[in-house]
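Engineer: As a plain string of letters, each chain reads:
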Amino acid sequence: AQSVTQLGSHVSVSEGALVLLRCNYSSSVPPYLFWYVQYPNQGLQLLLKYTSAATLVKGINGFEAEFKKSETSFHLTKPSAHMSDAAEYFCAVRASGANNLFFGTGTRLTVIP
Amino acid sequence: DTGVSQDPRHKITKRGQNVTFRCDPISEHNRLYWYRQTLGQGPEFLTYFQNEAQLEKSRLLSDRFSAERPKGSFSTLEIQRTEQGDSAMYLCASSLVGGVGDNEQFFGPGTRLTVL
Chain A
1 AQSVTQLGSH VSVSEGALVL LRCNYSSSVP PYLFWYVQYP NQGLQLLLKY
51 TSAATLVKGI NGFEAEFKKS ETSFHLTKPS AHMSDAAEYF CAVRASGANN
101 LFFGTGTRLT VIP
Chain B
1001 DTGVSQDPRH KITKRGQNVT FRCDPISEHN RLYWYRQTLG QGPEFLTYFQ
1051 NEAQLEKSRL LSDRFSAERP KGSFSTLEIQ RTEQGDSAMY LCASSLVGGV
1101 GDNEQFFGPG TRLTVL
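Protein chains in written order, with our numbering: chain A, 1 to 113; chain B, 1001 to 1116.
Any given hint could be a false lead.
FRET-style restraints, in silico, Cβ to Cβ [stated by the list, open to error]:
{"id": "1", "chain 1": "B", "residue 1": "Thr-1020", "chain 2": "A", "residue 2": "Ser-14", "range": "30 to 36 Å"}
{"id": "2", "chain 1": "A", "residue 1": "Thr-110", "chain 2": "B", "residue 2": "Glu-1028", "range": "36 to 42 Å"}
{"id": "3", "chain 1": "B", "residue 1": "Asn-1051", "chain 2": "A", "residue 2": "Ala-17", "range": "46 to 52 Å"}
Derived by calculation from the structure, the hints in this document are not laboratory data.
Every value quoted in this text rests on a predicted model; they were computed, and no experiment measured them.
Beta carbons: idealized from backbone N, C-alpha and C, even for Gly.
Assemble the whole structure, with the sequences as input and the hints as a guide.
Structural biologist: So, in structure tokens, the structure goes:
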């Protein structure tokens, strides 16, 4: 079975502050892990993905995430928030050999000027 | 732009009517997925195709829902006798299996359905 838990449905940070969005996963087999971003009334855009190579994954727009097997976590970070980062962020898991993604419930990021 | 496209972007219908949505995947992609996203939730898997074959259906896909991909290119999702609970964003994604990219799914902009 696969599942994803995103802690915090809403996160607010000041512009220039660290962004930390939390994701914990459950998977019975080695997972592939993803972070997607969704802007209002748009589809999902892939930020980054973990596919069993390097545990620290760098993505677009300055985001990165670290796969920690011992903690079953894949938290998303960005050193300095920008106003354009305000959006909904989804963590997703796909088990190796599976075909579809399982998504978390999302975290809405607000950036305060 | 050669990304995934969906039509229409918005659909408002009355309860009991039938609706059909279209998805055009990235041209060389052999897999196509449908997801449903309700307000405040993440997308939930509905079904997927490998070329023209529908290989998996979620239990969320009730008998009122049918999806097709007749020529292995575009796909349609039809909902018959719509209910208010069908109101959601319907997302389409495509991927290439067997090539580079680790079966990465690319999403379209979605079709937002409102059932009155």
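Engineer: All hints, please: hold or fail.
Structural biologist: Checked hints:
1. B:Thr-1020 x A:Ser-14: 30 to 36 Å: violated (46 Å)
2. A:Thr-110 x B:Glu-1028: 36 to 42 Å: Since Thr-110 (chain A) and Glu-1028 (chain B) have Cβ atoms about 38 Å apart, the given range 36 to 42 Å holds.
3. B:Asn-1051 x A:Ala-17: 46 to 52 Å: The hint (46 to 52 Å, Cβ to Cβ) holds, given that Asn-1051 (chain B) and Ala-17 (chain A) are roughly 47 Å apart.
When each numbered hint is compared with the structure, a violation occurs for hint 1 only.
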